[in-house]
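For the protein sequence lines, the chains are A and B, in the order given.
Numbering of the first sequence is given in the numbering used here, commencing with residue -6 and proceeding in unit increments.
Numbering of the second sequence is given in the numbering used here, commencing with residue 3 and proceeding in unit increments.
Quick caveat, the hints were computed from the structure, so don't treat them as lab data.
Heads up, some of the hints might be wrong.
[What the hints assert, rightly or not] Heads up, simulated EDC-like pairs for lysine to aspartate or glutamate below, C-alpha to C-alpha not over 16 Å straight-line:
no., chain 1, residue 1, chain 2, residue 2
1, A, Lys104, B, Asp209
2, A, Lys208, A, Asp193
3, A, Lys44, B, Asp137
4, B, Lys157, A, Glu66
5, A, Lys53, A, Glu12
6, A, Lys96, B, Glu145
7, A, Lys73, A, Glu49
8, B, Lys179, A, Glu49
9, B, Lys4, B, Asp79
10, A, Lys53, B, Glu26
11, B, Lys153, A, Glu100
12, A, Lys96, B, Asp79
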Amino acid sequence: MKIKKITIFAGYDKKRNKELFEEIDICAGQKVGIVGPTGSGKSQLLYDIEKLAQGETKTKRKILINDEAPLKEFKFDPTKKIIGYLTQHMNFMTDATVYNFLKTHIEIRGKYQTEEDTEKLIDKIIDDANTVTGEKIEKDVNLLILSGGQSRALMVADLAHVSESPIILIDEIENAGIRIKKALEMLIKKGKIIFLVTHDPVLALDTDKRFVMKKGAINKIIHTSAEEKEIANHLSWINNHVLDIREDVRNGKQIEKLKLKCTLVE
Amino acid sequence: MKIVIFGGTPGSGKTSIIKFVIQELKDLKIHYVKFDVLSTEDDLLIKEKFNISTERRISGDICPDHYAALEIPKIIDEHKDKDVILIETAGLCLRCSPYVEEGLAINVLNILSGKPSGYGPLLTHADLVVVTKGDLISQAEREIFRAEVLKVNKKTLMIEANGLTGEGAIDIASAIKESLETKEKLTLRHSMPSAICGYCYGNKIVDPTESLKRFQSGKKIKTRVPNLNCGKCGFKSCNEFIRAVLDKRVNEIECPYITPEDAEN
């Protein structure tokens, strides 16, 4: 199914006041940040979107896909699910090798065609994951012993290549140990819509717009300015630089100097 | 009246989920029953929170599924005025299913508690599988888990739920509202185990001869008690009474159905 846009119809805040907008459209290829203090309604908004709510949740919001109410099977059948979810956790629980885990997931998603294609896809996922994390992931290693950064990188690459959901929800992804912007670029390819709960400026300032949550409602919508995008670029450069130094420390090198100037932007 | 049975291993999040479901069913007259093996306070907590009628049933020495099957008809009799009877049961050994054909069967399943193929009728005979703690693992792992559940229970509807936020409660509540009314006699979805031996009568010495002796004396008393589990002797069931007699903790004539002449034979 091709998703052109998703529309959020206003619901109510915690005091039963109507939200200040009528409807918001988000088009394919857009990134939306969700910001606000704890308890302001960020997770509930993600929940409404994941549920493809039709007025039955606490907020009474309605979510339309391409101007229509989504079919019920999108909600329950995981192979038809159009929403991918990247949560805060950083570890796998399954006792299996990276290779076997990916193979099982590919089979369940109905993407298994030939032995050769599957091998290629698995290699591609691991290669892509390795561009996001500093420590290389090996095929035959057990999922349980991957580091936080490696797990996170593999989850992102799996979401990008196996689940292929056109709408992606990301709940407070941490940038510890991964090249966060590169990870997002991997996901946003192919015209996806991304909703991102985050207070990490590298991510929040790199969106197209951000919803400011207050008392359960979308209280304000900020369109990201050109200046903000530039700041985001700068911060991303610093983040990657920190990650490089981190790898040097891990590999037992002596750190000689800090490159304070961002050569990417200037 | 609708009968809804929630089964699941301890720690799967049954009670938390049920609280959110009760909130969604507040227009209906509900009676909540908690079956447990040793002890519980959940009935009191739910009564206090929602002001609905609740009770607890502690199975003690009897297999909890046997006990539930004995008690459920009595509970229904006492609560004919209710719209829904919610029964929560824990402490299963996974050999049996606590479900009846005529009611809605809901299994609350913790996604972290091992492979679905390791569960028996508790999972395979459920109409609805409510998966909890999914927020602790990745989406890929959730999808794999789901496929494994569907391998052992093809017809089930699966709902992802969260006992902390109430996610999923709306879907469970609407499944309850759509379920059929219970009218006829109840039938178990899965048979009980054949557990008749000296150990069932309370033998503790691990030895076949001792067990056989205990079984034979137990069987004699078994023919004299009424097997009605009427409770007049002070025990929940006839079997517990028999164990107490064999342990010499009580005299056989404490049972109002046994006359002193019977006892002497």
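Hint check results:
| no. | hint | verdict |
| --- | --- | --- |
| 1 | Lys104(A) - Asp209(B) | violated, 57 Å |
| 2 | Lys208(A) - Asp193(A) | violated, 21 Å |
| 3 | Lys44(A) - Asp137(B) | holds, 14 Å |
| 4 | Lys157(B) - Glu66(A) | holds, 15 Å |
| 5 | Lys53(A) - Glu12(A) | holds, 11 Å |
| 6 | Lys96(A) - Glu145(B) | holds, 13 Å |
| 7 | Lys73(A) - Glu49(A) | violated, 21 Å |
| 8 | Lys179(B) - Glu49(A) | holds, 15 Å |
| 9 | Lys4(B) - Asp79(B) | holds, 13 Å |
| 10 | Lys53(A) - Glu26(B) | holds, 15 Å |
| 11 | Lys153(B) - Glu100(A) | holds, 14 Å |
| 12 | Lys96(A) - Asp79(B) | violated, 53 Å |
Consistency with the previously given hints fails for numbers 1, 2, 7, 12, ordered from lowest to highest.
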